[in-house]
Amino acid sequence: MTSRKLTINGVRRTVDASPGDTLLEVLRREGYVGVKKGCGSGDCGACTVLLDGRAVNACLVLTAKAEGKVIVTIEGLAKGDALHPIQAAFLDEGAVQCGYCTPGMVLSAYDLLSRNPAPSEGEIREAISGNLCRCTGYVKQIRAIQAAAEQMRGGRNG
Amino acid sequence: MAERTRESFVVVGQSVRKVDGVGLVKGKPKFVADVDLSNVLHIKILGSPHAHARIVRIDTSAAAQIPDVVAILTHENTPSTRHTTAGQGYPEPSPYDARMFDTKVRFIGDRVAAVAAETAAAAEEALRAIRVTYEQLPAVLSIDEARAEGAPVIHDEADSTGIYEAARNVVADVDIDVGDVERGFTESDVVIEATCETQYAQHTPVETHVVHSYLDSDDRLVLRTSTQVPFHVRRIVAQTLGIPIQRIRVIKPRVGGGFGTKQEVLLEDIAGWVTLQTGRAAFISLSRAEEFVAARTRHPMRVRVKLGAKKDGVLHAIEMEATSNTGAYGAHGLTVLANTGSKTLPLYNKAKNAHFYGQAVYTNLPVPGAYRGYGATQGYFPLETAMDELAERLGLDPIELRRRNHIRAGETSPIFEKLGEGREGVSQTVKSCELEQCIAVGAERIGWREKRGTQRREGPWVHGVGMSIMMQGSGIPQIDMAAATIKMNEDGSFNLLVGATDIGTGSDTILAQIAAEVLGVPVSRMIVTSSDTDLTPFDVGAYASSTTYVSGMAVQRAAEKVREQILSVAVPMLKASVEDLRLAGEHVVGSGGARVSLAEVCRRAMYSSDQFQIAATASCVPTESPPPFLANFAEVAVDLETGRVKVVHYVATVDCGVAINPLMAEGQMEGAIVNGIGYALSEEMLISSTGRVRNPSLFDYKIPGALDVPNLEVILVGSYEPTGPMGAKSVGEIGINGPIPTIANAIYDAVGIRLRRTPFTPERVLTALEGERRRKGER
Amino acid sequence: MEDVGLRHIQSIVRPTTADEAWRLRTADPETTRFLGGGIDLVLYTPETVTTLIDVSGLSRARVSAGRAGLAISAGMTLSAVLETPEIAAYVGGFLRDVLRQVASPLQRNVATIGGAAMRAHPWSDVVLALLVLDAEVEVFNGAARSVPAAEFYASRSQNVAPLVTGIRLPQRTPSTRGAFEKFVRTGFDVGLLNCACVVEVTKGVCSRVRVAVGGTPALARRLPDVEQVLEGRHLSSTTVGEVASLAARRVDARDDRRASESYRRKLTEVGVRRCLERLTGGGSEDAR
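Protein chains in written order, with the working numbering: chain A, 888 to 1045; chain B, 2 to 780; chain C, 245 to 532.
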């Protein structure tokens, strides 16, 4: 085990990690259990986190590669009781069923909307194409991301 | 109190947020694996490398020497009780043909041994060090091989029970008759026959099977498990491990998807045994590859349907013959088979003559179990494609043929009584059915009249439209049981305790809505606790489309009892008679406008006069299983050059009674349909010639992603089911049955080929197209 | 192994020069691997490997434009490459459109262009694109050199594959067009087969024709016979049909669990034809 310095959700932390540990293993061990494991091979997207603002499969990233970068997990999105607009939209549009894919899906949407505030439906589909969901059929998730984008742009005329 | 109507609902019919939603979107620790696992034993299972073999010897001595290994489990040191892994009501209709660890392995991946170690790495290393000597046996790798004369006997052991004919590998046999089907065909003007085959497919919940076990401070075994059936888990683990039910507590936290695969007791016995033997907390989670190989699948089937109709387009005879591959163990073998007929044939009750015959057979292949749709999915493929053919032969629009034949409110079918969950069924009259309306609305939305038969070209793509209709059930009548407890707190809030099992479906929320409706409070005043065998009353669990209808009715009854208690306390407070009082807006309101808050009522009952706990428990055992109804319409485009099929537009119009939470009801439909589209087009477990799963990963087992979803419209066509809670029926399973026949019929409309085998992969479609071209060229 | 992680990795080293990286790698080939984005290492590293040599910091991640064309540093992620204006403008956005169909955004945000070029999975869309673009792979194996992609992939039998330090894309005329076709089972998938064509079309006449097919299921290869037939000819529908059917005969198609040989031949014909038809329609287009 080596101690490594990671910035997680705005907090600088020193964590113990073996050189071969993936970010998924380390984050879950450190209590960021909103980072889910669904396959361990980058095929499902349940472990999505933001690395320097970009959504990545935490199961495919060696922890050593995250040093010096900014990590955001689902736990870092809401400000206290105030949900991020994407999180709120997921609830209001019925986009959450079992909730296991939700953190990853929300973070992929976050990455998209931070670069593209007014995405087309096709761009939304592409942005979440690596996040598999078996419950919802994606319809309400796509709608939630559209609603969140509108909300974040500042309402209907934004 | 006035009769409840759809118009009078305040909370029911509203798309309120999920009661557990905020925690889920924040990534709070809600799932089995989301606890501190730093001091647990990690369990790993050794799977069989052979499809069929006897275990001659297991040498664990080297494995036991590996540091950090704490326990090694084999057939030599674990209980040998035969049981079924199927989490069904007791006595289960599935055979007792499984052991924790057996002396024989029956499919590649079947359990041979398990290791519990301080680290996952040590457990893996120990698995590699276990030396097993096998005596390989000839394997049975298809339903035809299973039924062949002199086939190897897969369950030749003496102590298994409940198998129909073990010596012939037949798990179950169902045969029911209505009228005289042979005469029916003779009397028919047109007879159509179709045989369809469905593939091995998997549920693939994003969370695999996972269990965390420990002893509490009184040495009771606690199993936190991702299950659909916590009470069945408790009973079956007690039976398997030979310990009293009383010693086990099963807790179901949030579940990351089930779809039937978690209606199975797969890992709880191993985790429980490790914890009982070592006194240590234990954790087991299937890897994605293990989930594919050793968890459950849908039953592959070959189903033949024969339809006879008179010239007027009224069905006169229906025959369905199903052969189901139930893999190495018989879990759900009988009941899935029976449902293939019982959930399909009553739809066409105009046919006076009907015959259903089926067998489920063992093979040395992965083990099917419960999967959303539960046999109906396999049955509707041939039934609804044969209806399409029949319409063509009769020169009728497929919609018109359905209209002349489908069941309606006020009607019954003899099948309801003849065929149930692996035994006789329960007779019933359909009381709510808006199928006609579903068909009309769906046809309009898809543009049926304009598009049908036009074969619109767009480069290499040819468009077509197809449709199908279907029904399911709402729970298992006279078998399922659900109970709910409601108790009141002195701030006017309520605890709702239900055995019902929310696996992501939103049942905690809709059950809270039903209670809140009765009690005149917003959902935010309900505190829901579900699926903890120590705290909540019994419920069979989440399967058979039962939760809304059965558990919902238990909740409604419990709420009504609590309501009566509240009113009785309020009578002296408001000096009014009970008949004049109602609950609304968190108050008891009198006819003259006088009111008292629920908090005041509860404080009086708790602290002041005639003190008692306002609380009630109620149960529901349904006496019927009202079917939800669904009309499916799809527009597809077929690439003539590559065979790729794209679903362009899919309209599903469903009658699920009153939707307690419309967004959630739509969500159930959308998820089921997209899963069904994957089942129709891309999902297939490929099995090698030795019985090995060749694509045990999401990299190569292709489930739909966001790029694959068509323009998907779900339309709730309301009805009011008088026997249901707040007019509700079920909506959980029915949607998954739609895509296969609907897409198959749309492909026929586009390019004139009838596909009989799923999935409709590009290569299969192209091969069929070329066959058709050759056939036409020869003429 | 997905549960146990890469327990065998004992250290990750960060050399500052290609020379140092190469020396570390060749000193003990069995126990070392180059680390770029890391995806393939996480998924496929043999247990003999104990040391990872992180080469992602050897040069600044960027696309630089010069007279000879574009130079992409190996450490750039696929997302970063496809989002660069230079790449969007290059051959009508051909490479951008290819990269947009590689895996998922989650993987494109990690995978590097150097890693993709070096790993060269048989279904690789990236390798296919490099072949038809006449790209050069910048490598270091004791000395720095630039190898044409075709040569690089034809001669990949050395014990230790050289370190890929960058990709060079030659300067192309404005009349250069490219098209890509990938046949998938779902939107997030590797191709059952992929193919691409890049052609200079001057007054309707083709020159510098490149046609390649990949995922056959083997790694992409150019089809020189097919290219030759098209060279100097007009892209008439007869020519396109002729060329496509020749491609179907020449492609080295085989069976695997994803598709049969005969189906792959058919896909080759359809794919090559569609690519060429798209070329005559101008620029490349988004296949999604």
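Derived by calculation from the structure, the hints in this document are not laboratory data.
The reader is advised that the hints may include incorrect statements.
As the list claims (entries may be wrong) - Only part of the chain A face toward chain B is listed, based on derived beta-carbon distances under 7 angstroms:
1) Glu-917
2) Val-920
3) Ala-933
4) Glu-962
5) Pro-972
6) Gln-974
7) Phe-977
8) Val-983
9) Gly-986
10) Tyr-987
11) Ser-1001
12) Arg-1002
13) Pro-1004
14) Leu-1019
15) Cys-1022
Glycine residues also receive a C-beta, built at the ideal position from the N, C-alpha and C atoms.
- Hint numbers the structure violates, sorted upward? 1, 5, 11, 12 and 13
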